[in-house]
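All chains should be built: construct the whole structure from the sequences, respecting the hints.
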Amino acid sequence: MSSIQLVINNSPHEVEIAPDTPLLWVLRDKLNLTGTKYGCGMGLCGACTVHLDGEAVRSCQTAVSSIGAKKITTIEGLSPDNSHPVQQAWIAEQVPQCGYCQCGQIMSAAALLAKTPHPTDDEIDTAMAGNLCRCGMYQRIRRAIHRASGSTAQAKGQGA
Amino acid sequence: MTMNRRSFVVGGAVAGAGLVIGLQLSGPFLLGQENERAPKRPDPNPFDAWIHVKPSGQISLIVAKSEMGQGIKTGLAMILAEEAAVDFNSVSVEQAETRPDIYPHMGTGGSGSTQENFMPLRRAGATVRELMITAAAAKWDVPKAECAAKKGTVVHAKSSHTATYGELVEAAAKLPLPDPAKVPLKDEEDFEIIGHPTPRVDVPAKVNGSAKFGIDVRVPEMLFAVVARCPTFGGRAIRFDAAKAKAVLGVRDVFEILTLGADKFTAGGIVVVADSTWSAMKGREALDITWDHGTSASESSDAVREALRAVAHKPGTRVRNDGNVDAVLSNGAKKIDVMYELPYLAHATMEPMNITVHARGSEAEVWAPTQSPDWVQRTVANVLGLKDEKVIVHTTYMGGGFGRRYMADYPAEAAQIAKVVGKPVQLVWSREDDMTHDFYRPMSCHRMQGAIGKDGHPTAWFHTLASTSIKGYWEPKVAAAEDESGGAKQMPYVIPNVRLEYNPAPSAVPRAWWRSVENSSNGFVVESFIDELAVAAGQDPFEFRKSLLVKPPNWRAKDEDDVDPARLRAVLELAAGKAGWGKPLEKGRGRGIASYCSFGSYFAEVAEVTVTGSDFKIDRIVAAVDCGQIVNPESVRSQTEGAIIYGLSAALKNEITIKNGAVEQTNFNAYDPLRISEAPPIEVYLTKSKEDPGGMGEPALPPAAPAVANAIFAACGQRLRKLPFQLKS
Numbered sequence: 005m006s007s008i009q010l011v012i013n014n015s016p017h018e019v020e021i022a023p024d025t026p027l028l029w030v031l032r033d034k035l036n037l038t039g040t041k042y043g044c045g046m047g048l049c050g051a052c053t054v055h056l057d058g059e060a061v062r063s064c065q066t067a068v069s070s071i072g073a074k075k076i077t078t079i080e081g082l083s084p085d086n087s088h089p090v091q092q093a094w095i096a097e098q099v100p101q102c103g104y105c106q107c108g109q110i111m112s113a114a115a116l117l118a119k120t121p122h123p124t125d126d127e128i129d130t131a132m133a134g135n136l137c138r139c140g141m142y143q144r145i146r147r148a149i150h151r152a153s154g155s156t157a158q159a160k161g162q163g164a
Numbered sequence: 128m129t130m131n132r133r134s135f136v137v138g139g140a141v142a143g144a145g146l147v148i149g150l151q152l153s154g155p156f157l158l159g160q161e162n163e164r165a166p167k168r169p170d171p172n173p174f175d176a177w178i179h180v181k182p183s184g185q186i187s188l189i190v191a192k193s194e195m196g197q198g199i200k201t202g203l204a205m206i207l208a209e210e211a212a213v214d215f216n217s218v219s220v221e222q223a224e225t226r227p228d229i230y231p232h233m234g235t236g237g238s239g240s241t242q243e244n245f246m247p248l249r250r251a252g253a254t255v256r257e258l259m260i261t262a263a264a265a266k267w268d269v270p271k272a273e274c275a276a277k278k279g280t281v282v283h284a285k286s287s288h289t290a291t292y293g294e295l296v297e298a299a300a301k302l303p304l305p306d307p308a309k310v311p312l313k314d315e316e317d318f319e320i321i322g323h324p325t326p327r328v329d330v331p332a333k334v335n336g337s338a339k340f341g342i343d344v345r346v347p348e349m350l351f352a353v354v355a356r357c358p359t360f361g362g363r364a365i366r367f368d369a370a371k372a373k374a375v376l377g378v379r380d381v382f383e384i385l386t387l388g389a390d391k392f393t394a395g396g397i398v399v400v401a402d403s404t405w406s407a408m409k410g411r412e413a414l415d416i417t418w419d420h421g422t423s424a425s426e427s428s429d430a431v432r433e434a435l436r437a438v439a440h441k442p443g444t445r446v447r448n449d450g451n452v453d454a455v456l457s458n459g460a461k462k463i464d465v466m467y468e469l470p471y472l473a474h475a476t477m478e479p480m481n482i483t484v485h486a487r488g489s490e491a492e493v494w495a496p497t498q499s500p501d502w503v504q505r506t507v508a509n510v511l512g513l514k515d516e517k518v519i520v521h522t523t524y525m526g527g528g529f530g531r532r533y534m535a536d537y538p539a540e541a542a543q544i545a546k547v548v549g550k551p552v553q554l555v556w557s558r559e560d561d562m563t564h565d566f567y568r569p570m571s572c573h574r575m576q577g578a579i580g581k582d583g584h585p586t587a588w589f590h591t592l593a594s595t596s597i598k599g600y601w602e603p604k605v606a607a608a609e610d611e612s613g614g615a616k617q618m619p620y621v622i623p624n625v626r627l628e629y630n631p632a633p634s635a636v637p638r639a640w641w642r643s644v645e646n647s648s649n650g651f652v653v654e655s656f657i658d659e660l661a662v663a664a665g666q667d668p669f670e671f672r673k674s675l676l677v678k679p680p681n682w683r684a685k686d687e688d689d690v691d692p693a694r695l696r697a698v699l700e701l702a703a704g705k706a707g708w709g710k711p712l713e714k715g716r717g718r719g720i721a722s723y724c725s726f727g728s729y730f731a732e733v734a735e736v737t738v739t740g741s742d743f744k745i746d747r748i749v750a751a752v753d754c755g756q757i758v759n760p761e762s763v764r765s766q767t768e769g770a771i772i773y774g775l776s777a778a779l780k781n782e783i784t785i786k787n788g789a790v791e792q793t794n795f796n797a798y799d800p801l802r803i804s805e806a807p808p809i810e811v812y813l814t815k816s817k818e819d820p821g822g823m824g825e826p827a828l829p830p831a832a833p834a835v836a837n838a839i840f841a842a843c844g845q846r847l848r849k850l851p852f853q854l855k856s
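Those protein sequence lines, which keep their order, are chains Y and B.
Just so you know, we're using our numbering here: the first sequence kicks off at 5 and counts up by one.
Just so you know, we're using our numbering here: the second sequence kicks off at 128 and counts up by one.
Honestly, the hints are just simulated from the structure, not real lab data.
Hints should not be assumed to be uniformly reliable.
[As the list claims (entries may be wrong)] A short, non-exhaustive set of chain B residues, derived as facing chain Y with CB atoms under 8 Å:
no. : residue
1   : Gly196
2   : Leu302
3   : Leu304
4   : Phe318
5   : Gly322
6   : Pro326
7   : Arg327
8   : Asp343
9   : Trp405
10  : His521
11  : Ser557
12  : Glu602
13  : Pro603
14  : Ile772
15  : Asn796
16  : Pro808
[What the hints assert, rightly or not] Label pairs and their computed distance ranges (CB to CB):
no. : chain 1 : residue 1 : chain 2 : residue 2 : range
17  : Y       : Lys119    : B       : Gln845    : 52 to 58 Å
18  : Y       : Lys119    : B       : Lys710    : 37 to 43 Å
19  : B       : Pro760    : Y       : Pro84     : 31 to 37 Å
20  : Y       : Asn86     : B       : Asp686    : 27 to 33 Å
21  : B       : Pro760    : Y       : Ala133    : 28 to 34 Å
22  : B       : Asp402    : Y       : Lys119    : 34 to 40 Å
23  : B       : Glu791    : Y       : Asn86     : 39 to 45 Å
24  : Y       : Ala73     : B       : Glu319    : 53 to 59 Å
25  : Y       : Lys119    : B       : Glu433    : 18 to 24 Å
26  : Y       : Asn86     : B       : Ala437    : 54 to 60 Å
27  : B       : His440    : Y       : Lys119    : 57 to 63 Å
[Said to hold, decoys possible] Below, a list of computed lysine-lysine pairs in the DSS-like style, where the Cα atoms sit at most 30 Å apart:
no. : chain 1 : residue 1 : chain 2 : residue 2
28  : B       : Lys371    : Y       : Lys34
29  : B       : Lys581    : B       : Lys678
30  : B       : Lys678    : Y       : Lys75
31  : B       : Lys550    : Y       : Lys34
32  : B       : Lys339    : Y       : Lys34
Keep in mind it's a predicted model, so treat the numbers as computed, not measured.
Cβ atoms here follow ideal geometry from the backbone N, Cα and C, with glycine treated the same way.
What follows is the structure, encoded as structure tokens:
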């Protein structure tokens, strides 16, 4: 058991926990920040994606002791009111079905756009390939990222 | 039996003043007002949903339909709002609690929610509108016919009187209910909500982490549990040493639960209870367990496949027999005799199985991400030795259902654990647990024989379907032939000699319903083999199908699964047209088509692929949909896209294999659903229709795999008869 200091969504937290505990379970079981989801425990599905100093990381693969002073942002801290452009785009494109993976998808997309404000379809596919969506909403994810980037480029696949 | 308000208020289902109407969504339509004696029928409570018009004018629909991403909370509200003549935003759909006396039918599955509830909800909404108009006409002493309702307000144009539903509800509640069969329904042409794209009500909470899934349930003092289950189906622990597990920080208790028979099918195992999920998982890793691997320890999917292939060559139970297949196959001009093979598949919902149970002695409370809250209730009550009504189940959002969340295995385990723990306990399945202890889509082999006559017309179709089957697991003594034959029996192409026979093969692997169920297998086989016949006949696969979809002049559906050839043909033509069927493609590229009807909806899909050596890429999917009257086009599109991707994951990548009685794939590294980089653009084209609504959760799936297989054949000449696809270089 160790006492570990964390900065999560701009608030300081102190947790008493085994140092090898993944950040995922600290967020979910100790701090009640349940928007970050468990999907695989092996960094394969991306449902647990959070930001460490703005970088997208898999919180199931991030031991809580390895974080140090880095700032953690979870889905709950992305915006207070769904106003982040990625959240707005996700609503506009009606991306979620079951919604379980979407917090991770949104965190990956927000990190992508912070670095690459106008990604191409290929750049989106590369950046988002680590995030599984079993409901298969990939085409909407692509469209929503383009929308959030302010791009007028039409992603393929629409129909009438 | 009397439906009275007191039972609601006690149940917490409906509280406060206003108008309350009970309605029956399943079975023959009935309406009744509270305090009214329900018509005599065997079911003591015919009503399974309730409408509450509040003094504010807001309307609640309290119904036991689980939201798993299909948008049902939005769709049902749209139907009710349309006929009640209120704004969409005035209706909210609330999740019913498990009160068998109030909600006797609670399941969500089989793509049924819109199909079954469309007309009952329209009539119920129209009843609300009618009552409000009647109340207003009486209040103003004017003829009813001169009053009209719109946006939650009744207007008498001549006198300029207006009154909101909120103002009228007290008077309306005292009126007798009109005969539901005679309440005027809106003309479809006048729909202002139904058929118009409507944003889903559950979406905003799903983009900020506030949507609560089963695994997000947090109750004061709750503990977390995981179970170490024998990897082999039917195995059990002989002995275990908990010392090291108990030494793990946070672990509270370690104990054994036994396997449960009947319809629960739990594996049993060693439970680790801890103060966090992670501690419970770490504790489980530290367990030392000796397993008895049971009688199925030598089972392998290779051996099951051999058994299926063998029985596919034997005469079986005849499900369909038109003409004389034998005579044609013994002297047909051109014959084909091939085998199609489909593996076991896991559901792999993004949210692994989990459930929270608090057993409090004489009662219990459950928080469950489930498609069948009443089954969860019965199961938990049974394990805890309680009466059903002493168990209340709160249905949460669920991270995918696909049929997996119909099962009661994890609720049974959690009840066993909760009984020991005494405190609220959340049972969490790891991804490994979820993948290795699923109820899998059955494995099947299909021997297909066909013949083409001298004139190029198909003369025989002989399908021998061999499956491990679902029934073979649940009710081994009951014949599975009919259940496994959906879509194969209804093979819609006009061929004079058709036979379908069924043979089972045994397996210890648990099986159950996987999205679109047997249609996921039979659709691939039927729509690939008709393509093979087209090629053998030297005809274009689209034109060939079209020529065989003939609607006789006096055609009427024999049963609800009967396929209307004209509707299937129409979507085929729509998809082909939108995809540019017939336009030449460069070398290495190909187009394939498949059409299929299931769950009352008609789909045709065209795939375009590029083949390079043993690799291929799907460039585009064009889907045409006729699901009858569309409620929310937004949901129809979304479900079409999603079901196609789900089907393509199975076509391209996924397979559950068994070795030494256990599942070999344990996580997404070995059972990897389609990713964004592999997902083709999907174009969806909707048909305007006044037919009754069909289902939408599943029917886009079956044509996806055969459309791609047929496209690959068109591109490179390789016929893929085994899932997942593997091209030879």
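query: Which hint numbers does the structure go against, in order from smallest to largest?
result: Of the numbered hints given earlier, those the structure breaks are 2, 3, 4, 5, 10, 12, 13, 17, 20, 25, 30, listed in rising order.
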